[in-house]
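There are 4 protein chains.
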Amino acid sequence: MDFQHSPRVQDLQQRLTAFMEDHVYPNEHVFNQQAKERRWKSPAILEELKEKARGQGLWNLFMPDEAFGPGLSNIEYAPLAEIMGRVFWAPEVFNCNAPDTGNMEVFVKYGTPEQQERWLKPLLEGKIRSAFAMTEPAVASSDATNVETSIMRDGDHYVINGRKWFITNAMHERCEIFIVMGKSDPDNPNRHLQQTQILVPRDTPGLSVVRPLSTLGYFEEPGGHAEVVFHDVRVPKENLLLGEGRGFEVAQGRLGPGRIHHCMRLIGAAQRALETACQRVEQRVVFGKKLSQQGSVRESIAQMASKVEMCRLLTLRAAEKMDREGTKEARDLIAMAKIMVPQLTSEVIDMAMQMHGAGGLTEDYFMAEAFNYARWCRLADGPDQVHMMALGKQVIAQYGGR
Amino acid sequence: MDFQHSPRVQDLQQRLTAFMEDHVYPNEHVFNQQAKERRWKSPAILEELKEKARGQGLWNLFMPDEAFGPGLSNIEYAPLAEIMGRVFWAPEVFNCNAPDTGNMEVFVKYGTPEQQERWLKPLLEGKIRSAFAMTEPAVASSDATNVETSIMRDGDHYVINGRKWFITNAMHERCEIFIVMGKSDPDNPNRHLQQTQILVPRDTPGLSVVRPLSTLGYFEEPGGHAEVVFHDVRVPKENLLLGEGRGFEVAQGRLGPGRIHHCMRLIGAAQRALETACQRVEQRVVFGKKLSQQGSVRESIAQMASKVEMCRLLTLRAAEKMDREGTKEARDLIAMAKIMVPQLTSEVIDMAMQMHGAGGLTEDYFMAEAFNYARWCRLADGPDQVHMMALGKQVIAQYGGR
Amino acid sequence: MDFQHSPRVQDLQQRLTAFMEDHVYPNEHVFNQQAKERRWKSPAILEELKEKARGQGLWNLFMPDEAFGPGLSNIEYAPLAEIMGRVFWAPEVFNCNAPDTGNMEVFVKYGTPEQQERWLKPLLEGKIRSAFAMTEPAVASSDATNVETSIMRDGDHYVINGRKWFITNAMHERCEIFIVMGKSDPDNPNRHLQQTQILVPRDTPGLSVVRPLSTLGYFEEPGGHAEVVFHDVRVPKENLLLGEGRGFEVAQGRLGPGRIHHCMRLIGAAQRALETACQRVEQRVVFGKKLSQQGSVRESIAQMASKVEMCRLLTLRAAEKMDREGTKEARDLIAMAKIMVPQLTSEVIDMAMQMHGAGGLTEDYFMAEAFNYARWCRLADGPDQVHMMALGKQVIAQYGGR
Amino acid sequence: MDFQHSPRVQDLQQRLTAFMEDHVYPNEHVFNQQAKERRWKSPAILEELKEKARGQGLWNLFMPDEAFGPGLSNIEYAPLAEIMGRVFWAPEVFNCNAPDTGNMEVFVKYGTPEQQERWLKPLLEGKIRSAFAMTEPAVASSDATNVETSIMRDGDHYVINGRKWFITNAMHERCEIFIVMGKSDPDNPNRHLQQTQILVPRDTPGLSVVRPLSTLGYFEEPGGHAEVVFHDVRVPKENLLLGEGRGFEVAQGRLGPGRIHHCMRLIGAAQRALETACQRVEQRVVFGKKLSQQGSVRESIAQMASKVEMCRLLTLRAAEKMDREGTKEARDLIAMAKIMVPQLTSEVIDMAMQMHGAGGLTEDYFMAEAFNYARWCRLADGPDQVHMMALGKQVIAQYGGR
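Chains as they are written, first to last, in the working numbering: chain G, 1175 to 1576; chain S, 1175 to 1576; chain Z, 1175 to 1576; chain R, 1175 to 1576.
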């Protein structure tokens, strides 16, 4: 048993940290201002930093396939994603932001050479953005077999009808491609063969991005989370991913690393909140004493530090099991991370805000947006409760029969 | 011991509830749209509803002085504030919103006849809005003796210099008067005689409303919470409230009912979140079963209902003690309400959001904004921790000596 | 709305408090020693104090029927039970301990004159003790229809077979009568007509008290909680309570006040733990400072005081609704009290123990036994979860259909 | 980074597990009965199992010094201590119980050859037991410099006077040696040079074991936790450990592995509670459905499993840092484990008890005693709060200055 990262990872950690300190933190307010002013356009500072990061080889670090990127394993990528996660928009600087990462992995695994040339290439270069359209307002989409959007064969085309929401990136002006999940065979007795995934270019007639959705008041420009309507959208059959009826299979495939990347980033956000809180309490004087000298503040800091470390270890453990035994075998640890990390990191960030007084809730600090991130992660990929139900069932099956 | 409200209060409860159902709930989206479009102007629908409410006598219900309003006690007002609190902006419909309520009480208690004529009258009529400028970014303002803004006598005038933030209502186009707290005698050995409160009309040269502040992404239009700078602001000595050096006394006076009104409203928000959650779980089907039939959902609803009831009882108990024995004597129960109500109601609202899935975090529901309200109430009037410290000290003094 | 107790209740509060201070607290160690030495015999000090209390008219305060006792309502009894609850064994001093209280109420409501003469009279006089035998190890007894003990008619007798556990008082040498619940008509299609309650004198052949059961290491002498076996136990048909097949009806009847009496007492235990903690932190010096001057200690005390007050108000509210509208109508508030009070009071007591260091866990203080009391109350009358399920269902029915 | 245990450790895990299954679990009731009947004598079954374990080489596994035992590192010992911790008394079967383990390490590090021959040898053989007398009722002993027992030089002897409590093992009939901490130089300006540790054989005149102390009703026979008085106890100067004035140094030395062994064992107790709960919910039917099919039960099991895993990872991480960088460097992670593990494991065990109904609180299961173990560990080696204060201070120092 060994908790040390490899030299390669340690080197990347140092370089990423230096990049964050030199280029990202100093530009947080610039980014916020640009993102607010031009809303759904990529902020100039972001494009500038992407160029820099790519120049330094800090690019596509998430990509496990060596043919397309550095080929890091999950356990190697985790500490890097943590560093990126310290600023909500920083992952995109390194072309490591969701859902583009998941989409790129899908293209690598399931895309045809033509699809890879047309969409994967510009995605890997950070030229375009992409969306993954699965969640629907009308049904509990945590169960993928519930989706109701129809994807019907019509000669050499497919016709798509349905309503989606929380489609991340869809508001982005450069979001050029949607991977859409729907039902092509709703009556198939095998529920896992009813779905199909298909590519829909943004400018396809019938695709309407209806509105951006906020969470806790945040729109998360420039990508946003959108409501999207598909009304008689026609695409050629060459746009199929993997094949008709194999949508569930593709979905399962992407849920591997994708599931846990949010956890890695949230740990970074919580770690930064902890550090920021430490600085605050060293500077703030209340009732004649530095906050850092108050016993209750020290107790809170101790709790926060412990929670961050527990989240980090749990996520690393899940990553290692994924690497060693595969996603399916690691689903217990993945579920634990998904249940615990958003919950505990949101507690850490909440306490850090509290230590900042009312200012801690404002846009003057990164914490309120980070809190929002942790909060919606408790619903991303299904509510906490769904993951708890599944994990509980699995644990009972493991021990209950003895 | 008797938990029944008086017939007068029951009548007001029914009329308020009917008003909310007839006029407020149906217009929530209209309000949100208007508030967003014209940001710091009073939404047309709000002015329309104010007219209606005033016509029905549902007006200034908070005002305890019978010369200026209905003269309800705290225990009588509490269940009414709860009803108004079900919609974040509804209190203003009935001219019962903070900080105008507190300011009006200050004018009633401490204002000269001229001040009352000039400012109290239009406030009671809902024609203008007002602000209370106490909190400062540089110091822990939960201790009122910390404020650093200077209010210096200069002949027949006072000159004000300082920076304030979280000045609620200051963004509102009709916010015409600021009650400003500062130090006129910073070297007075009695720390409670250093402060003065003074009136500053908005158009006084040197007063700049710098920017609105968000909390968790919300700007809470049209009143907002602003950062405000006072640079060599001169006002005549007639603008003094009560007298030079009596600012702390005035502040203490307003903290009576004002402190607990937020709690009353939050209970309404949480009660509505509970009801909304009940409706949701009756309608939503997951894995082939209504959510309302899931054991874990029922357990959560039970917890939520219990928390709302405990908050309600604690707030009523504090209100009754204030009425019977006075604010000072009731400070233990007031502190309990202030500690528990924002915390527990935010938990209730958070769980209600969770039961709604990702949609629960959006502007499609009232819950995210209500959560933000509960969240910043944990810092309003000082962070939770300050109230806990004070209450703890008091309880130890009560029992520790035995 | 009015939170003041009546003059009669205030008088009883003062007299009870004086009795506790004069006679109960000074004898806690005497009781513990006597109870340990003679285990299942009534400690001499207890008998002595019972005599005193009875002499002062502090006797059978629980009894709502004026023909048999003082005839206090629930809201009147609640603050008195709180005072008694400050010492785990004190309720019996005033003949107000469970399950004798519930059994006496059953005799008052459903007993024949002969049964009342034979059993109720000595119970009211504190001469004998009694048990209520419902819970069974083999089934989830929180659902009364699950009990499997058979009570079969055989001529003019009934024959009882079954195994019960957690039969409070059964270890007591003076426990002379068991009220036994079982099934006389297990095949009745109406599940609520299958049960019968019947009286079994302790010396009836076939009744064996098998062993005492501990909870968290406590045996709670002298009454204890026993495992009891009924093997071909025969009693005459005159021992029926109310009538064959009416056992469920009797059970429902006793669940009224009985359910909430534990909550009242636990509030007293928690209040005393709070007061004891205050005294401790005023005396204990750590790292050169009194604990009471530590911020984190004050925060904890504030939380504890708030929790006790919330529990008290919730229990009073439930009591008042029971008095006003009846047990059935008040079942939502009763459930809230049952869910919240054991949980919150156990948190308060746990924190008080923690403030005492390791000594707080020992028999040198009352707290560890009080913690045990709060802990098993989370299972008495069904686990928390059952009450939450029922309350959740009821709340959803109330609001979900809108 | 690698989470796999070495082949040697995996082999020991398997052998220990087999031993537990073959010899320990089947004898839990035998042990309890023997321990209760003969209280402070070593139960025959324990001696029998010690013989067996020693014969299989499962002996002194804790001993890091290869000259005296297997020489396992902390990271190697952790998973083995977890297995032993599944039964409260099992560690002694393998001669790995506290405080004998810590005392043996002290003898190895600081004992003279004579002391080692006289005391260490029979301890390593499991022939005698030992105690460590540090905690005092009168002072906050979490700060070792507070101890007030005096150890005064008198010619070639030292004379000891003082009162200690929570002296584990002191009740044991075979507890032959006490390591006593006290002050030999109370006026030394360097507070860390005031203390001395000295050996006191049990039969030394003036040493009185006053009484056993219970925690939550448990006496934890046969070792117990005792109150001990030293009244003019004289021992020769050869009984000094390391040297006069070096008591604090010796104390620091033992706090290394010792501190974290409780955490390792508690993880085993919690893991077993989780497994036992899984079995229970698979068997118990409530309201017509297996508990394991209830959503809320699955959610609870998921939470429990996640907490156990987080505790395990945190403890392993602390162990690894201790091995790699030393106890002092690892004090942040040690503190995290000490704060989190007793708290989280007590939550897990508490929920497992709850799932068993009232029976879960009795001696029919191991859980109540395990809960007591977790509970007092929140006070062992200083209350949680002391560790939080220290960790908080350290974390603030690390990050606050940036």
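Be careful, since some hints might not be right.
No distinction is drawn between identical chains; accordingly, a pair holds when it is met within one copy or between any pair of copies.
Stated by the list, open to error - Below 27 Å or equal to it, Euclidean Cα-Cα: the simulated DSSO-like pairs (lysine-lysine) are:
| id | residue 1 | residue 2 |
| --- | --- | --- |
| 1 | 1301 | 1215 |
| 2 | 1301 | 1210 |
| 3 | 1411 | 1215 |
| 4 | 1463 | 1295 |
| 5 | 1295 | 1224 |
| 6 | 1226 | 1215 |
| 7 | 1567 | 1464 |
In case anyone wonders, no lab produced these hints; they're calculated from the structure.
Practice prompt. Could you tell me which of the numbered hints above are not met by this structure, giving the numbers in increasing order?
Written response: 3 and 4
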